[in-house]
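2 protein chains.
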Amino acid sequence: MTDAPTAAILIIGDEILSGRTRDANMHYLAGQLTEKGIKLCEVRVIMDEHERIKDTVAKLSKTYTHVFTSGGIGPTHDDITADAVAAAFDDPIDIRDDAREILKAHYEKSGSELTAARLRMARIPDSASLIENPVSSAPGFTLGNVHVMAGVPSVFQAMVASLLPQLTGSAPMLSESLRIILPESEIAEPLGVIAAKYPELSFGSYPFITNGVFGANIVVRGTDPVMLAKGVSDLREIFADSA
Amino acid sequence: MTDAPTAAILIIGDEILSGRTRDANMHYLAGQLTEKGIKLCEVRVIMDEHERIKDTVAKLSKTYTHVFTSGGIGPTHDDITADAVAAAFDDPIDIRDDAREILKAHYEKSGSELTAARLRMARIPDSASLIENPVSSAPGFTLGNVHVMAGVPSVFQAMVASLLPQLTGSAPMLSESLRIILPESEIAEPLGVIAAKYPELSFGSYPFITNGVFGANIVVRGTDPVMLAKGVSDLREIFADSA
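These protein sequence lines map, in sequence, to chains A and B.
Heads up: the first sequence begins at 123 in the working numbering, then just goes up one per residue.
Heads up: the second sequence begins at 123 in the working numbering, then just goes up one per residue.
Hints should not be assumed to be uniformly reliable.
It does not matter which identical chain is used: a pair holds within one copy or between any two.
[Unchecked claim] Straight-line Cα separation of at most 25 Å, DMTMM-like style, residue types lysine to aspartate or glutamate; simulated pairs:
no., residue 1, residue 2
1, Lys181, Glu164
2, Lys226, Asp216
3, Lys352, Asp170
4, Lys319, Asp125
5, Lys158, Glu322
6, Lys231, Asp356
7, Lys226, Glu311
8, Lys319, Asp212
Since the hints were derived computationally from the structure, they do not count as laboratory data.
Could you put the whole structure together from the sequences, leaning on the hints where they help?
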């Protein structure tokens, strides 16, 4: 668990901070990273501002194995992510031939023109490698340990699918959960005892209230399947009357 | 717009980082803050770790007018938010009489015992004021400019409803949006021209792909309704054929 690569997600989007749009990419990528054995440690949502993006990318990229960004790589004036990420790495950025060829082929197929605005999407830092976009062609890119992807969920997911197989994971984190119909306050003490008994496992308690019924999902996580099964078995025994 | 109080949301929750649970509180509070005229500048999701919570709370509370936290104030061993926030402000924390009375009354009504685990939920920093919880009684609290609330969405929303009327907002940010059925790359140039013409307004372009049709929602934001109407009218005129 301590050896797993770590990650942060950086979501760039005023529209999410204003409450207008509900982010979907964080939840999607969080699940994918867990399956891959990459430990997601932090998510940030920040405003579409050059300095903020640059500083946050610089900080997160020094802290984690991987940083995944979402949003701000389209053709409009508020799409400033690519330039800010390039600035964070002090890497030159301009329209790059390989990205231009991809866009050109795409727009030729659809009989449209490669306008100046569309060419903005070919602005890629010099040292970056491209991330394929099978949905709408304009590529994402990886610069250093930062993976820059689109905000539109269908494009984001397609880019994640292109990218993730190239990254190295670790023993995936396994989890099992037990739904207990008891107020969390009655679960707390016995759960604390079991958590202390299995330091290699993590025991999370996630309370819910459904139609006035109080309960909690207890999620046990660990990389060792045998140890996980033991912990869960202890848990089932203690809460046999309420699970 | 520059005078609006600012805010950050801090979501404490391993279960969100693992992809198991999809956060609902960020989107809810973001919308409420925009209505109130409080500008949400940043959201962070971090792990349930004392030092991380403490450091992040300390940093965010120095940067923004308000910090709203979600999660980690229940009765179980992994509920460590209250202690970490107290530590960030160097404020003593223990079981407080006013919170104990609230819990006592609640559990007496339901004929249950006020166990040691339940009493954990009465741990409130000395200098904090309580935030009412009409759903399940265990209170949140405000310490300095940090508002500590539960993670369960129904409880979180009830606490927000208790808290927000007490905060000072500003002229609420107004917004109007226009759905344009054109690839964002064709919207970019005329939109840039209008955005330059109205520096008091912000113009966001949020692309979508629905059933293979490319389009974008253009969101115009500002606090002056007359200026907003002008900007939107210009926009409608330019995109008359595609809106």
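Hint check results:
1. Lys181 / Glu164: For lysine 181 and glutamate 164, both the intra-copy (12 Å) and inter-copy (15 Å) Cα distances are at most 25 Å.
2. Lys226 / Asp216: within (16 Å within a copy, 65 Å between copies)
3. Lys352 / Asp170: For lysine 352 and aspartate 170, only the inter-copy Cα distance (24 Å) is at most 25 Å; the intra-copy one is 47 Å.
4. Lys319 / Asp125: within (22 Å within a copy, 53 Å between copies)
5. Lys158 / Glu322: within (20 Å within a copy, 45 Å between copies)
6. Lys231 / Asp356: Neither, since 61 Å and 33 Å both go past 25 Å.
7. Lys226 / Glu311: between (63 Å within a copy, 18 Å between copies)
8. Lys319 / Asp212: For lysine 319 and aspartate 212, neither the intra-copy (49 Å) nor the inter-copy (32 Å) Cα distance is at most 25 Å.
The structure is inconsistent with the numbered hints 6, 8, although it conforms to all the rest.
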